[in-house]
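Once you've looked at the hints, dock chain B with the ligands against the given chain A.
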Amino acid sequence: MVTFSLNGREVEVDVDPETPLLWVLRDHLQLTGTRFGCGMGLCGACTVHLDGAAIRSCSTPLAMAAGRSVTTIEGLGGNHPLQHAWVEHNVPQCGYCQSGQIMSAAALLAANPQPDEESIRQAMSGNLCRCGTYHKVQQAILSAAAVAHWQPAAEDAS
Amino acid sequence: MSLTRRQFIRNVSVAGGALTLGFQLTGCSGKPLQLGSDADFQPNAFLRIEPDGTVILQIPKAEMGQGVITGMFTLVAEELEVHPSRIDYAMAPVHSAFGDPEMRLQITGGSASIRVYHEILRQVGASARETLVAAAMQQSGLDRASLEARDGRVRSADGNVDLSYAELVPVARALAVVSDVALKPADQWRWIGRYDQRVDAVAKTDGSARFGMDASPEGCLTAVLLRCPWFDGAVESFEAAEALALPGVVAVFATDFGVAVVAEGYWPARQAAGKVRVNFTPPGGGLRDSAAISAALEAALDGEDFASVRDDPATAAAEQGARVSARYAVPFLAHAAMEPLNATCRLTADGCEVWVGSQAPDLARDVASRVLGVPREAVVIHNQFLGGGFGRRAAADNVAEVVAIARELKQPVKLVWSREDDMRHDWYRPAMAGAIEARVHPDGRVSHWQHRIAGPSINQQVLPVMMGAMLPQWVPGGPRQWVGDFVGKKDFASVEGSKELPYAFDGVSVSYRNVPVPIPLGYWRSVGHSHNAFVVESFVDELAHAAGMDPLTFRRQHLPESSRQRRVLDAVAKAANWGNVPAGRFQGIAVHDSFHSCVAEVVEVSRVDGKVRLEHVYCAIDCGQVINPDIVKDQMIGGIVFALSAALHGEITLKDGAVEQSNYHDYPLLRQTDTPPMTVVLVESSAPPTGVGEPGTPPAAPALANALFAATGERQRRLPLRLG
Ligand code: FES
Ligand code: FES
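So the protein sequences, as listed, match chains A and B. Be aware that the first sequence starts at 5, since it is given in this note's numbering, and climbs by one per residue. Be aware that the second sequence starts at -13, since it is given in this note's numbering, and climbs by one per residue.
Each hint should be verified, as a subset may be incorrect.
[To be verified] Covered stretches of chain B, as calculated for chain A (at least 3 residues, CB under 8 angstroms): (1) 370 to 377; (2) 624 to 634.
[Stated by the list, open to error] So the derived label-pair ranges between C-beta atoms look like this: (3) B:HIS427 to A:GLU122: 45 to 55 angstroms; (4) A:THR7 to B:ARG136: 48 to 58 angstroms; (5) B:ASP129 to A:GLY81: 49 to 59 angstroms; (6) A:GLY56 to B:HIS651: 26 to 36 angstroms; (7) B:PRO299 to A:GLU121: 48 to 58 angstroms; (8) B:GLN174 to A:GLU122: 41 to 51 angstroms.
[Said to hold, decoys possible] Covered stretches of chain B (in silico footprint by chain A; criterion: 3 or more residues with CB under 8 angstroms from a CB of chain A, positions within the stretch not fixed): (9) 51 to 59; (10) 183 to 196; (11) 660 to 668.
Hints listed in this document are in silico derivations from the structure and should not be mistaken for laboratory results. Every value quoted in this text rests on a predicted model; they were computed, and no experiment measured them. In this text, a Cβ means the ideal position worked out from N, Cα and C, and glycines have one as well.
So here's chain B without its partners, still in its complex pose:
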């Protein structure tokens, strides 16, 4: 994809006249974007160079560990000709200039950041560089060909002209920004694909990195919230006399979200909360227990009313092949990021300021403005480092809560969730069920693939909230919910990773049935791919065994010759020495496309005295042009650890409408001692970069399930999996 100049201007909101207008960059909101001072060189919304030469990049995406700041610095640095480590960052304020070019919202998700911004950011760097060179031309009287920009300076070949960017700022800021700059060809790159540091590593090793949890405006109190354990209850009454008598306790009051307990610090607030007795309105009817939900999903699979999302008719007669069929099920999952949710709010004369680590700061702003009853422009969001996001921090329930508390309290306040709050009030990865069947023919061909998926729709719940931030606020909730209900019928988030089945099977049909549940749902690292890859790649393995073929050979046979899937399969098979493992070792393989990338994984296990152990995980990814190899590898490994934690331990269960798990003892994650060695292969590609934050996650569960089948002969079709 290459951008035309017009698109570029629209997407970046580069004000061509930014400099002459004093950088009055106006977005849809009509509010000008004011960053830095008039003395800075600010060629566009993203970049500014201060008179002392400091280069500051506005980061339009959340940094939650995926390395987006490093990636963006690298892209800008490459064209700007300054070393990536010489750039400083600022978390971009909420402004239409920083909305995601595809999603419109200023949201971090879909593993999209580098894919959608790589060309824009290189343009940002290139046009700034050329404007600085134009300033040097003016200064020196030399032509373009006589000057070269490198390492933050513009020099002439003979060395007579040697100007730092800092020296050029006063001249450059008065020039028209040079645009339509040709980007550097790949063979001249110094950092793209090579830079191997993380620019945020120092702050994250000396304790100085500021997360949402660390915000503390002057006079800030701490609040905890007592929420209803079931999701449809509200506060009926409460008794707080005992709590109010404790030292350090400031106030106890009811909000729309629960009873707030405010004190001078987290500990007195938490102690006092333990003394408050709250009566909540009784739970409604419906699906309130895990067993009932599982039964409802099972029953839905047997019913009608499925919406078709793909229907390629078969040419073969069905009765020719042997019918293979199976049912799969996956549980609700929590995100369990290491930093429990939190948010801090200070009221201002006309609105408020909010400090939060958010994947969707404009959603946070919209939510805050609605709770406070002020225009969006009266809310300022200070985005912080995120102590893990994984999709959870795309929601702004924590922001709604803290603003409601601050509104009542009229003092700066930080709301801190306990780990238990975080576990019991997540926006969960939905439980899903699948029925799948196909015909395997004697020659190994496959026909009549039919996959039916039943489960609750994330987007039915989440889209109406997201749209709240995208539409003018006078648009009422009804139409937004209508859109959510409509999208929910064929929810793309429920079928992604199944609908796009890459195998050349004869006849593929995929259909979905929405089974609403009264439980908050959200995006969980790789979303629909997280469960569909498990079902599809487990079942493909079943078909391979039914055909009496090696699972790798079987997959290759059904994939086009020069496909990315084949390339990553071959790469991972080579790394894992597929088919040649020592006695007592067993391997399982899976391949899956997500977020425009393609990943194959092999899980290797051993089996001794009936006990299965993880021995090694191999991974190969094709994500197009790699920007930072080390970060891509880390994202693969991190995505695999995340997936294996879920595949082996992850299960959120409900009883009487409330989540039963509470902390890491009953929702365990892989630990240092459980994590096997891993090998990651980056498949070379010069195609434009695609996602890396999520694509490592989907293939791990099926690769493990397939390895367990190889080791034990038992096919496990329900997550979490048992090791022997």
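Pulled out of the complex, with its shape left as it was, chain A reads as follows:
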């Protein structure tokens, strides 16, 4: 049994603790918003937050999450300023990489609420997008960062 906090709720799972968190989320907890892209930490499609930091859930064993707090795209709630900016800028094309993009961006803004273009590029370079939405990702992060009333801590308040 491994216990951790998932999107603000305590969960307990009876899964081999070596199982990557990605598959616990997708196969056992039916949270399919977190995507499988490469399984090797190369693409960022599986990005979630562990105690607020962006991690690759495909390469993070469940054991690492024990007693800690995990946030997935579903946990952002749909009202996160980044999600609004994503819709306003029509960022997604196929959409498959976008959960990971948004989770990486959310961790970036939490650590650095006013990033410049270069720090956005650096922070987002681990997230591949085969559809080539990189410019839109950048624009959306810049415009979400400009939303004055946004509190970085809001994400974990639920």
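Just chain B with the ligands now, kept in the frame of chain A:
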């Protein structure tokens, strides 16, 4: 192109009597199309309005990021007079009503969706609107001129009549559908060319969008498949005792496609697969290594037996000009869409259901029915969002595999490919070689253009499979393969983008030689254009330099005055400030027609201490009437990122018949940090809309190669390119 009423009926299969027949829309299969309920207003196969006013459009094409749902909503909304965001979509089931009007198959490809459907969908909206207005006329006793449809309501000018579409549904469904409706003139459009949202954006930002990977019917197990690393092997024997002892493992068995390992979830299945030892039948002979394939393509260029696909004789005497010649080569490429292939199958009493993100659901249905040995009608395909397609998801190998596994397992099962499976078992963009020459005359004229192309034919392999879904199933494979072999001799997919050379050169000949390889081939974003544009537009640049002329001036000189090519070249040159770059900056240009659109691109690079860097890409497109400007720009940029990933990094190599690359570390894509700023110009046009999904891709590689030549003086004729 405008449709006559008869064509319209044939193409849309609009049952004129749909309402009276209770919408018994019968296709070639003889199976009626049943969507929604009898209480709905269903003027045709595409549209229905439910009694609560919900408008649902059947989407006959795959949504793989190209924005087809948004585009189709916009076209219907414009005539139906409801806001595009008020429409709901359903992925159309497999039915002849939803076959592509040109390709027959229900397939998404050739950047064709909006081009072939724009007029049909506007008719769909207009005829529904007029039928609703007719219902309001009946209801109110007013004539047509006194009523106006707008924002989902029919109103009279004096406001005495004000009926919502929902209120009109019960009346409208009993009326004959009004057809032959004149479409709105462009100056009355509210959304075509203006609507700038994506209707699928919310689902794709909150995690709720359902891809094939997310399908999970009750009791669904997960399978992985151990395939033979070389393409002509089969399972000889396997040893699975150790794997079967692992927790969560349900079954390990051989199929025609490899050894299936089934477990309760992906991770235990993948772990167990690592413990299975499989012996495959040994590889056959033939071309099994990249070096051998390259040598064979080179040798083919020196040989005879080329099939001519264009031969315009020259009038000038050849010896007058200076002969310029060069050879080019491009590698195999993988699609590498972000969502690895997958498919889910549940057996039913008489057949099966399949959940998959497919560019060709009727092909998927045909393949599934053959594997299961049931009629096509016993297979139901639930098409999902595609996590990238790029041509890969027009194949249904994943569907054949999952149905074979489900048949054996007799339980719902999801087959998940690893990234490594996806990279090593793709249907690859073929490696190609080209020999090209021309004569440049002292006045800049060009004559005796001769382009010979050697490489494997995609259609020789793929057409027989596609035809399987188009023909009755009793037609055996032999004749289908015969057609494939025949088409392969002059494969249009191998010569497209070379054959249609737009320049007014004196004497153009293009020929092709099919060099079969034992490697699966498929359509890769822009198909033949992806390599022919590189060869043609690089070589045109070589000719410009041989003539001592500026590459833009040289191109313009050989293009007709009022041509689309000139217009996009001028537009991109203006945006890029062509010819006026600061010191240390260098530009390359290319123009290319594909999928009825015309695109020109300029790549700008810098060179510092011998290191070349991408600085900016400029693009201009003429795609006729733009439906959604933002989506067109995104498709251009996405197509360019896709092309530059290939031009700088893309290369699939083979050793002993197996693909050497496995994941994104050895098949890299452009990342956020590698992608330069881009500017896209939409050239205004009121011509009917043409393709946008693919046309951005072809000009990028040659524009980059031409920029590298400008920066370094070295002509690179082999992809991928080196930056300094
Ligand atoms: S799936 Fe985890 S980084 Fe690619
Ligand atoms: S939107 Fe398709 S991979 Fe990013």
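Coverage of the region 51 to 59 of chain B by chain A (three or more Cβ within 8 angstroms): With 3 residues closer than 8 angstroms to chain A, the region 51 to 59 of chain B meets the three-residue bar; holds.
Within the region 624 to 634 of chain B, is the number of residues with a Cβ closer than 8 angstroms to a Cβ of chain A three or more? The restraint on the region 624 to 634 of chain B holds, since 5 of its residues have a Cβ under 8 angstroms from chain A and three suffice.
Please check whether GLN174 (chain B) and GLU122 (chain A) have a Cβ separation lying inside 41 to 51 angstroms. holds, 46 angstroms
Confirm or reject the coverage of the region 370 to 377 of chain B by chain A under the rule of 3 or more residues with a beta carbon closer than 8 angstroms to the chain's beta carbons. holds (count 6)
Given as covered by chain A, does the region 660 to 668 of chain B meet the bar of three residues or more with CB within less than 8 angstroms? With 3 residues in contact (Cβ-Cβ under 8 angstroms with chain A), the coverage given for the region 660 to 668 of chain B holds.
Given the hint of 48 to 58 angstroms, check if THR7 (chain A) and ARG136 (chain B) actually sit that far apart at their C-beta atoms. holds, 57 angstroms
At least three residues with a C-beta closer than 8 angstroms to a C-beta of chain A: is that true for the region 183 to 196 of chain B? Answer holds; 13 residues pass the 8 angstroms Cβ test.
Please test the hint of 49 to 59 angstroms on the beta carbon pair from ASP129 (chain B) and GLY81 (chain A). Check passed, 52 angstroms falls within 49 to 59 angstroms.
26 to 36 angstroms was suggested as the range; check whether the CB atoms of GLY56 (chain A) and HIS651 (chain B) agree with it. Holds, since GLY56 (chain A) and HIS651 (chain B) (Cβ atoms, about 28 angstroms apart) stay within the stated range.
C-beta pair HIS427 (chain B), GLU122 (chain A): status relative to the range 45 to 55 angstroms that was hinted: 50 angstroms Cβ-Cβ, so the 45 to 55 angstroms window holds.
PRO299 (chain B) and GLU121 (chain A), beta-carbon distance inside 48 to 58 angstroms? About 55 angstroms separates the Cβ atoms of PRO299 (chain B) and GLU121 (chain A), which means 48 to 58 angstroms holds.
In this structure, none of the earlier numbered hints is contradicted; all agree with it.
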